[in-house]
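Chemist: Chains as they are written, first to last, in numbering that gives the first Met the number 0: chain A, 0 to 389; chain B, 0 to 162.
Calculated from the structure, these hints are not laboratory results. Mixed in with the good hints there might be a few duds.
In the DSS-like style, the derived pairs of lysine-lysine whose C-alpha atoms are separated by at most 30 Å in a straight line are [stated by the list, open to error]:
1. A:Lys14 with B:Lys130
2. A:Lys376 with B:Lys77
3. A:Lys262 with B:Lys148
4. B:Lys77 with B:Lys26
5. A:Lys68 with B:Lys141
6. B:Lys31 with B:Lys128
7. B:Lys153 with A:Lys139
8. A:Lys68 with B:Lys157
9. A:Lys51 with A:Lys139
10. B:Lys130 with A:Lys212
11. A:Lys196 with A:Lys183
12. B:Lys128 with A:Lys68
13. A:Lys196 with B:Lys103
14. B:Lys128 with A:Lys212
15. B:Lys141 with A:Lys196
16. B:Lys77 with B:Lys128
17. B:Lys31 with B:Lys51
18. B:Lys77 with B:Lys103
19. A:Lys375 with B:Lys77
20. B:Lys157 with B:Lys128
21. A:Lys196 with A:Lys81
22. A:Lys212 with B:Lys51
23. B:Lys51 with B:Lys130
24. B:Lys103 with A:Lys81
Predicted model, so just to flag it, every value in this text is computed and none were measured.
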Amino acid sequence: MEVLLHILLILLLAKLFGEVFERAGFPSILGELLSGMVLGILLIHQESEILKFLAEMGAIFLLFTAGYKEVHLRDLKESSAKASVVTVVQIVVAFSFGAAIGVYFHLSALESIFIGVAFSPTSIGVVVRTLIDMDYLSSKPGSMILTSSIFDDIIGIFLLSIVVTMATYEQFPSGVQVLIILLKMVAFVAIMFSLRKWVFSRLFDQIHRMHVKESIFAFVIVIALFSAYLAEVFGLHAVIGAFIGGVMLSDVSHAKIEHVQSKVTGLAYGIFVPIFFAFIGISLNIASLQTIGLFSVLVVVLALLGKLIGGFLGSRLIGFDNYDSLIFGVGVMPRAGVELVLISIGKEMGIIGDEVFSAIVLMVAVSIFVSPVLLKKAIQFKNRTNSNNT
Amino acid sequence: MVDHDGDEDRIRSERSFAEMCSEMFIKDFMTKDLVTISENDSIDQILETFDKYHFHTYPVVNEDNVLVGTIDQNIILKILLVHRAPRIEHTHLNAVVFQGDTAKTIMIPHPVSISPNETLCDTADMILKHKIDRFCIVEDGKLVGMICKPDIIKEVYKLRGSY
Numbered sequence: 000m001e002v003l004l005h006i007l008l009i010l011l012l013a014k015l016f017g018e019v020f021e022r023a024g025f026p027s028i029l030g031e032l033l034s035g036m037v038l039g040i041l042l043i044h045q046e047s048e049i050l051k052f053l054a055e056m057g058a059i060f061l062l063f064t065a066g067y068k069e070v071h072l073r074d075l076k077e078s079s080a081k082a083s084v085v086t087v088v089q090i091v092v093a094f095s096f097g098a099a100i101g102v103y104f105h106l107s108a109l110e111s112i113f114i115g116v117a118f119s120p121t122s123i124g125v126v127v128r129t130l131i132d133m134d135y136l137s138s139k140p141g142s143m144i145l146t147s148s149i150f151d152d153i154i155g156i157f158l159l160s161i162v163v164t165m166a167t168y169e170q171f172p173s174g175v176q177v178l179i180i181l182l183k184m185v186a187f188v189a190i191m192f193s194l195r196k197w198v199f200s201r202l203f204d205q206i207h208r209m210h211v212k213e214s215i216f217a218f219v220i221v222i223a224l225f226s227a228y229l230a231e232v233f234g235l236h237a238v239i240g241a242f243i244g245g246v247m248l249s250d251v252s253h254a255k256i257e258h259v260q261s262k263v264t265g266l267a268y269g270i271f272v273p274i275f276f277a278f279i280g281i282s283l284n285i286a287s288l289q290t291i292g293l294f295s296v297l298v299v300v301l302a303l304l305g306k307l308i309g310g311f312l313g314s315r316l317i318g319f320d321n322y323d324s325l326i327f328g329v330g331v332m333p334r335a336g337v338e339l340v341l342i343s344i345g346k347e348m349g350i351i352g353d354e355v356f357s358a359i360v361l362m363v364a365v366s367i368f369v370s371p372v373l374l375k376k377a378i379q380f381k382n383r384t385n386s387n388n389t
Numbered sequence: 000m001v002d003h004d005g006d007e008d009r010i011r012s013e014r015s016f017a018e019m020c021s022e023m024f025i026k027d028f029m030t031k032d033l034v035t036i037s038e039n040d041s042i043d044q045i046l047e048t049f050d051k052y053h054f055h056t057y058p059v060v061n062e063d064n065v066l067v068g069t070i071d072q073n074i075i076l077k078i079l080l081v082h083r084a085p086r087i088e089h090t091h092l093n094a095v096v097f098q099g100d101t102a103k104t105i106m107i108p109h110p111v112s113i114s115p116n117e118t119l120c121d122t123a124d125m126i127l128k129h130k131i132d133r134f135c136i137v138e139d140g141k142l143v144g145m146i147c148k149p150d151i152i153k154e155v156y157k158l159r160g161s162y
């Protein structure tokens with residue numbers, strides 16, 4: 000049972016390295032990736048099926064908890080109007096930059112589109128500390144970064160479902176096929192909304208009265224897996240279903256009891272998610288990073304610039320001044336969890352190769368390091384200019 | 000020797016406790032005179048409420064007295080200690096709470112509520128099973144009372160001593 004030792008070491012190193020990065024002021028995800036890289040070099044040379052399955056569960060639970068704990072449908076409704084313009088502009092620019100790299104390096108149309116999709120999400124957690132420290136969380140750009148980042152992820156996940164379905168056709172889809180993809184997505188979301196409206200609340204009203212142990216927790220997990228499975232039935236990816244399933248449970252009071260939430264988070268972040276991030280580290284092909292230096296550098300630079308320029312332009316369009324637009328552009332630069340879920344799916348489905356996979360992991364790591372520093376500089380720049388003018 | 004008379008007494012008394020417990024309704028001993036927070040109250044107003052009274056959790060209501068959420072001491076402490084928040088707390092939702100300026104932006108939405116016709120025993124079971132310390136009591140969507148663990152203990156204790 001070598002896999003037991005592997006899981007044990009992954010969890011041990013992921014938590015230890017994660018702690019080191021946390022104490023150094025960086026997110027633990029970097030430590031979890033590093034633990035995988037170290038184990039990939041020293042011990043785990045062949046990815047076992049069990050490990051692969053656990054990593055897939057990690058991706059499912061990462062997105063399920065994101066929807067279940069982080070999204071409130073009410074907030075989404077309230078903020079959708081004000082954030083839509085700026086979000087669409089920054090995604091279009093970031094997507095175009097990603098796709099342009101693919102075209103420049105003569106990658107297939109699907110791979111180029113996939114790089115564009117992988118450039119779309121934003122990970123807000125990386126810059127929250129800086130926004131708090133600089134007293135900018137409640138500012139106009141700070142508030143817009145928060146709103147926009149959640150839409151980035153949602154749009155990114157939906158773009159992913161389109162690309163994943165395109166990959167199953169093994170060619171660029173025709174107009175009819177694109178329509179079918181969209182109809183499937185609409186049908187899936189409609190079913191999930193109907194379940195939320197008519198079933199989930201009533202179901203949990205009964206479940207919380209059950210006598211068996213951990214009934215609510217078990218049914219939350221059942222719904223996570225059911226949503227993931229149903230999405231697959233509709234030809235979408237399981238992680239998309241898990242995310243939407245999480246969102247649909249986010250306002251069911253019995254499913255959101257603190258005690259249950261902490262168990263779901265424990266299962267996700269205590270076991271599956273660290274394995275998922277470590278698995279990405281294990282799958283990293285370090286040799287490919289060394290041989291395609293220019294490609295990796297361009298991926299890193301253009302992914303960051305795409306968000307910066309797109310964010311800047313979008314904010315200018317809705318009336319932000321240059322300084323606030325710059326702060327917004329820098330604030331939406333970091334990438335982390337969702338991005339890594341996207342590329343792991345792309346690799347698993349054979350849409351992207353080792354080079355693209357490794358370059359995007361590198362870009363995620365660089366964005367985590369540089370975004371908080373650049374955001375601080377941008378805010379200081381604005382404050383300095385304002386104090387010079389007064 | 001088996002003490003059959005003792006057993007019968009015990010069974011009778013247990014049955015009567017269970018029956019009595021399931022005949023007692025929350026509406027008869029819930030707290031009806033509530034300190035509530037309006038969903039549009041500012042953070043300063045909320046802090047004043049926490050300073051003036053010393054409850055752990057306050058229900059948040061809209062202008063029609065419909066229960067829309069709760070605010071507890073943990074949220075207040077989190078907001079007051081925002082600069083010391085560990086990275087694990089740097090989530091999108093927490094960031095929204097940290098920058099919130101009214102009750103509705105910082106409250107926990109969708110609190111678990113129970114009906115005033117819930118029985119004492121069922122409520123006690125839920126408190127133990129789900130590790131919830133207090134419930135808002137809602138009738139037709141409107142807040143009508145609150146019940147917390149000490150209230151339940153007091154009533155169960157009274158009941159135990161009454162037979």
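Chemist: The structure should be examined with respect to each hint, and the outcome stated for every one.
Modeler: Checked hints:
1. Simply put, Lys14 of chain A and Lys130 of chain B have alpha-carbon atoms about 28 Å apart, close enough for the 30 Å limit, and the pair holds.
2. Of the supplied pair hints, the one linking Lys376 of chain A and Lys77 of chain B holds, its CA atoms being roughly 27 Å apart against a limit of 30 Å.
3. The hinted pair formed by Lys262 of chain A and Lys148 of chain B meets the criterion: a straight-line CA distance of about 22 Å does not exceed 30 Å.
4. Annotation: proposed proximity of Lys77 of chain B to Lys26 of chain B is violated, straight-line Cα distance about 33 Å (limit 30 Å).
5. Of the pairs offered as hints, the one joining Lys68 of chain A and Lys141 of chain B holds, with about 26 Å between alpha carbons and a cut-off of 30 Å not exceeded.
6. With a CA separation close to 25 Å, the supplied pair Lys31 of chain B and Lys128 of chain B stays within the 30 Å bound.
7. Between Lys153 of chain B and Lys139 of chain A the alpha-carbon distance is near 50 Å, which puts this suggested pair outside the 30 Å criterion.
8. With a C-alpha separation of about 40 Å, the suggested pair Lys68 of chain A and Lys157 of chain B falls outside the 30 Å cut-off, and the hint is violated.
9. Only pairs whose Cα atoms come within 30 Å are accepted, and Lys51 of chain A paired with Lys139 of chain A is rejected, the gap being roughly 43 Å.
10. Of the pairs offered as hints, the one joining Lys130 of chain B and Lys212 of chain A holds, with about 13 Å between alpha carbons and a cut-off of 30 Å not exceeded.
11. Proposed proximity of Lys196 of chain A and Lys183 of chain A is supported: the alpha carbons are some 20 Å apart, at most 30 Å.
12. A threshold of 30 Å between alpha carbons decides the hint, and for Lys128 of chain B with Lys68 of chain A the separation of about 22 Å falls inside it, so the pair holds.
13. Taking the CA atoms of Lys196 of chain A and Lys103 of chain B, the gap is about 22 Å. The hint holds against a cut of 30 Å.
14. For the given pair, Lys128 of chain B sits about 9 Å from Lys212 of chain A by alpha-carbon distance, which is consistent with the 30 Å threshold.
15. Proposed proximity of Lys141 of chain B and Lys196 of chain A is supported: the alpha carbons are some 20 Å apart, at most 30 Å.
16. Taken as a hint, the Lys77 of chain B and Lys128 of chain B pair is honoured in the structure, with Cα atoms around 27 Å apart against an allowance of 30 Å.
17. At roughly 19 Å between alpha-carbon atoms, Lys31 of chain B and Lys51 of chain B fall within 30 Å of each other, so this suggested pair holds.
18. For the hint pairing Lys77 of chain B with Lys103 of chain B, the CA-to-CA distance comes to about 16 Å; that is within 30 Å, so the pair holds.
19. Proximity of Lys375 of chain A to Lys77 of chain B is assessed by CA-CA distance (about 23 Å); at most 30 Å being required, the pair is judged to hold.
20. Restraint check for Lys157 of chain B and Lys128 of chain B: satisfied, since their Cα atoms lie roughly 22 Å apart, inside the 30 Å limit.
21. A hinted pair counts as satisfied when its Cα atoms are at most 30 Å apart, and Lys196 of chain A with Lys81 of chain A qualifies at roughly 26 Å.
22. The hinted pair formed by Lys212 of chain A and Lys51 of chain B fails the criterion: a straight-line CA distance of about 40 Å is larger than 30 Å.
23. Of the pairs offered as hints, the one joining Lys51 of chain B and Lys130 of chain B holds, with about 27 Å between alpha carbons and a cut-off of 30 Å not exceeded.
24. As the CA atoms of Lys103 of chain B and Lys81 of chain A are separated by approximately 19 Å, the hinted pair is consistent with the 30 Å bound.
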